[in-house]
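*Asks:* This is what each chain is made of:
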Amino acid sequence: MKLNDMEKAMLAGEMGEPKRWAIDHQLKVGRMFDAADMVPVSQAHMMADPESIGEAGTVFMEKMAEHPEKDRRVAVPMITDPRGVDLNYYRPLGQTEEMAGIERRFIAASEKLGILMTNTCVNYQTIMPPVLGDHVAFGDTGVVIYCNSVCGARSNFEGGPSALAAGLTGRTPRYGLHLDEKRCATRRFVVKEQPKGLTDWGVLGAVIGRMSGSYWAVPVVEGIEQKPTSDEMKHFGAAMASWGSTPLFHIAGVTPEAQTLAAVGGDKLKAETVSKSDMDALRSNFGGKGDKVDVVVFAAPQLSLVEMQQVADLVKGKTLAKKTAMLVCTSPQVYPDAARMGLVATIEGFGAKVLQGTCFYQQYAREIGEANGWKRLLSNSAKIVNILGGYGYQPALASMEACVESAVRGEIV
Amino acid sequence: MSGKVLKCHVGIGPKVRGKALVADDNFSARYDLDRIKGIFSRPQHKLAGQSYVDVILVLNTAKGGVASAWMLYEMKSRGLAPKAILFNAANTILAQGAALAEMTMCDRFEDGDVAKLFQTGDELEVDPEKGEVTILSRG
Chain A
1 MKLNDMEKAM
11 LAGEMGEPKR
21 WAIDHQLKVG
31 RMFDAADMVP
41 VSQAHMMADP
51 ESIGEAGTVF
61 MEKMAEHPEK
71 DRRVAVPMIT
81 DPRGVDLNYY
91 RPLGQTEEMA
101 GIERRFIAAS
111 EKLGILMTNT
121 CVNYQTIMPP
131 VLGDHVAFGD
141 TGVVIYCNSV
151 CGARSNFEGG
161 PSALAAGLTG
171 RTPRYGLHLD
181 EKRCATRRFV
191 VKEQPKGLTD
201 WGVLGAVIGR
211 MSGSYWAVPV
221 VEGIEQKPTS
231 DEMKHFGAAM
241 ASWGSTPLFH
251 IAGVTPEAQT
261 LAAVGGDKLK
271 AETVSKSDMD
281 ALRSNFGGKG
291 DKVDVVVFAA
301 PQLSLVEMQQ
311 VADLVKGKTL
321 AKKTAMLVCT
331 SPQVYPDAAR
341 MGLVATIEGF
351 GAKVLQGTCF
361 YQQYAREIGE
371 ANGWKRLLSN
381 SAKIVNILGG
391 YGYQPALASM
401 EACVESAVRG
411 EIV
Chain B
1 MSGKVLKCHV
11 GIGPKVRGKA
21 LVADDNFSAR
31 YDLDRIKGIF
41 SRPQHKLAGQ
51 SYVDVILVLN
61 TAKGGVASAW
71 MLYEMKSRGL
81 APKAILFNAA
91 NTILAQGAAL
101 AEMTMCDRFE
111 DGDVAKLFQT
121 GDELEVDPEK
131 GEVTILSRG
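In order, the protein sequence lines correspond to chains A and B. Mapping of the first sequence onto our numbering: residues 1 to 413, in sequence order. Mapping of the second sequence onto our numbering: residues 1 to 139, in sequence order.
Bear in mind the hints are in silico, worked out from the structure with no lab data behind them. Bear in mind that the values here come from a model prediction, so they are computed numbers and not experimental data. Virtual Cβ for every residue (Gly too), placed ideally from N, Cα, C. Incorrect hints may appear among the rest.
A few chain A residues that face chain B, going by a derived Cβ cut-off under 10 angstroms, partial list only [as the list claims (entries may be wrong)]: (1) Met32; (2) Val59; (3) Cys151.
BS3-like mimics (lysine-lysine), calculated; alpha carbons at most 30 angstroms apart, straight line [stated by the list, open to error]: (4) Lys19(B) with Lys2(A); (5) Lys375(A) with Lys130(B); (6) Lys268(A) with Lys227(A); (7) Lys15(B) with Lys63(A); (8) Lys8(A) with Lys270(A); (9) Lys318(A) with Lys46(B); (10) Lys116(B) with Lys182(A); (11) Lys116(B) with Lys63(A); (12) Lys15(B) with Lys28(A); (13) Lys292(A) with Lys268(A); (14) Lys8(A) with Lys4(B); (15) Lys292(A) with Lys7(B); (16) Lys292(A) with Lys227(A); (17) Lys37(B) with Lys2(A); (18) Lys19(B) with Lys227(A); (19) Lys15(B) with Lys8(A); (20) Lys196(A) with Lys270(A); (21) Lys192(A) with Lys182(A); (22) Lys196(A) with Lys2(A); (23) Lys37(B) with Lys4(B); (24) Lys276(A) with Lys46(B); (25) Lys37(B) with Lys375(A); (26) Lys28(A) with Lys76(B); (27) Lys196(A) with Lys112(A); (28) Lys323(A) with Lys353(A); (29) Lys130(B) with Lys270(A); (30) Lys76(B) with Lys112(A); (31) Lys76(B) with Lys19(B).
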């Protein structure tokens, strides 16, 4: 890979050990993906929940934080994905002091690097959305797919270590979605059933992700009749990225790089239909009427203020079933607004709990499931139902309205 | 067949030897594994119930989230990790995780589908620097 003088100095250790580690890591990855050089990034976003980093990742960060401040400080604004422990509410969930301890240590180390602990996977709604053509180094697949597709920014999936490396060097290897040619459509899908509501958008994303099937596939979608909202795009992208490891989609006439089908090369591709039966087939894997529900979860991605209001409106005047729990995960940016506007009080008055700065599947889902006897989980997120099977849950999927009604009755309506 | 050398793209990590565990399926450390027990745990996965520890995993592609990058490092620190992973197509996350964990990873084989090139039980030598995998003996 071609390096400029500053990058060579980093590699030689002249700018300190953290930057030397970082650029060495980036060169290893860049080589595997044939990067010609590095590209400067404007922001980095790191996924690093305690369950995935463990003791090893925590010690790694603590060692990084021991270096002199001038060496360890990130070079560009760097923010974080949801944490695994809401430090104001973890014992009631069955989370342990050991889990909270890892969380506290990791946060302390990150802050020493100048990382902003935003703890959110909806930074594109709440922090600083990137702009068209903006090169960034984002973690969390939902963040990357939204920013690539809806904002027209340029990012690969950057796992925690690589996002950290990008934050330290202020650049990332120029491969994958930083290149024009990798952003052209490779699959063309024609939607026959208009999605209605967040869960439908999630299901459509999941179906297209599963059909696309690889990080290197870029779907372009036709046939969407109504402009989706940011929350709908959020669920669509998060589900697609989860089911397909897909980092970028285009919707003809909606997303900025695909104002026409031809603009992303979609006109040259064979059209494949996504029908109602494709969507029903995916839904049929997740729960049935009358099944008992142990826990209802609204998360993945964290809820926007608008979704918080929707949940609050639905639960108002109702009571949660005795043997069912309900958790709502939102960002630390949305939470104070939702509290100020009375939405948190309404949701918690129903019997649910609002968590801030976490996301259910990133917070030791297996352990909290076992501690609370939660097995049958219901959510409106097509992403979360995909993940939690591996964590010992029997996940079910329903709209936000049906989730709340099921929470009242204790069984799927 | 033994001694057969298969070419792939230049990869990541050290040269390693080990036994292959092959499936026509995909991989996510978060979605598919019980990392405490060291087994595939997602019931729908073709390797469900099998140990991934110290084997050379051979799978189609990487799925799902970014967490796998930290997870490979964490798994390796506890000695409950595969020796190497071979894919038809890796994604960026798994490559980044391999770079941090110093775990061997290669993809893009010239002769086609890894699920057909390799069999469970094959003794393999993976040389990511050269972009070569040698089948030392058949399983």
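*Asks:* Confirm or reject each hint.
*Replies:* Each hint, compared with the structure:
Taken as an interface hint, Met32(A) checks out: its beta carbon lies about 5 angstroms from the nearest beta carbon of chain B, inside 10 angstroms. For Val59(A), the interface hint holds, since its Cβ comes within 10 angstroms of a Cβ in chain B; the closest pair sits about 8 angstroms apart. The beta carbon of Cys151(A) comes no nearer than 18 angstroms to any beta carbon in chain B, farther than 10 angstroms, and the hint placing it at the interface is violated. Of the pairs offered as hints, the one joining Lys19(B) and Lys2(A) is violated, with about 37 angstroms between alpha carbons and a cut-off of 30 angstroms exceeded.
Between Lys375(A) and Lys130(B) the alpha-carbon distance is near 47 angstroms, which puts this suggested pair outside the 30 angstroms criterion. Note on Lys268(A) and Lys227(A): the hinted pairing holds, with a Cα-Cα distance of about 24 angstroms set against a maximum of 30 angstroms. Between Lys15(B) and Lys63(A), the direct Cα distance comes to roughly 28 angstroms. Compliance with the 30 angstroms bound is thereby established for this hinted pair. Only pairs whose Cα atoms come within 30 angstroms are accepted, and Lys8(A) paired with Lys270(A) is rejected, the gap being roughly 45 angstroms.
The suggested pairing of Lys318(A) with Lys46(B) is violated, with an alpha-carbon distance near 43 angstroms, which exceeds 30 angstroms. For a cut-off of 30 angstroms, the pair hint linking Lys116(B) to Lys182(A) stands: about 28 angstroms separates their Cα positions. With a C-alpha separation of about 43 angstroms, the suggested pair Lys116(B) and Lys63(A) falls outside the 30 angstroms cut-off, and the hint is violated. The straight-line distance between the Cα atoms of Lys15(B) and Lys28(A) is roughly 15 angstroms, inside the 30 angstroms bound, and the hint therefore holds.
With a C-alpha separation of about 48 angstroms, the suggested pair Lys292(A) and Lys268(A) falls outside the 30 angstroms cut-off, and the hint is violated. The hinted pair formed by Lys8(A) and Lys4(B) fails the criterion: a straight-line CA distance of about 39 angstroms is larger than 30 angstroms. Simply put, Lys292(A) and Lys7(B) have alpha-carbon atoms about 52 angstroms apart, too far for the 30 angstroms limit, and the pair is violated. The suggested pairing of Lys292(A) with Lys227(A) is violated, with an alpha-carbon distance near 36 angstroms, which exceeds 30 angstroms.
Note on Lys37(B) and Lys2(A): the hinted pairing is violated, with a Cα-Cα distance of about 43 angstroms set against a maximum of 30 angstroms. Proposed proximity of Lys19(B) and Lys227(A) is contradicted: the alpha carbons are some 52 angstroms apart, above 30 angstroms. Taken as a hint, the Lys15(B) and Lys8(A) pair is honoured in the structure, with Cα atoms around 27 angstroms apart against an allowance of 30 angstroms. As the CA atoms of Lys196(A) and Lys270(A) are separated by approximately 26 angstroms, the hinted pair is consistent with the 30 angstroms bound.
Simply put, Lys192(A) and Lys182(A) have alpha-carbon atoms about 27 angstroms apart, close enough for the 30 angstroms limit, and the pair holds. Between Lys196(A) and Lys2(A) the CA atoms are separated by roughly 48 angstroms; this puts the pair beyond 30 angstroms, and the hint is violated. About 34 angstroms separates the Cα atoms of Lys37(B) and Lys4(B), which puts this hinted pair outside 30 angstroms; it is violated. Taken as a hint, the Lys276(A) and Lys46(B) pair is honoured in the structure, with Cα atoms around 28 angstroms apart against an allowance of 30 angstroms.
Pair hint Lys37(B) plus Lys375(A) holds up; C-alpha atoms about 19 angstroms apart against a cutoff of 30 angstroms. Note on Lys28(A) and Lys76(B): the hinted pairing holds, with a Cα-Cα distance of about 18 angstroms set against a maximum of 30 angstroms. Restraint check: the Cα-Cα separation between Lys196(A) and Lys112(A) comes to about 45 angstroms, which exceeds 30 angstroms; the hinted pair is violated. Simply put, Lys323(A) and Lys353(A) have alpha-carbon atoms about 15 angstroms apart, close enough for the 30 angstroms limit, and the pair holds.
For the suggested pair Lys130(B) and Lys270(A), the alpha carbons sit about 37 angstroms apart, so the restraint of at most 30 angstroms is broken. Taken as a hint, the Lys76(B) and Lys112(A) pair is honoured in the structure, with Cα atoms around 26 angstroms apart against an allowance of 30 angstroms. A distance of roughly 17 angstroms separates the Cα atoms of Lys76(B) and Lys19(B); the hinted pair therefore holds under the 30 angstroms criterion.
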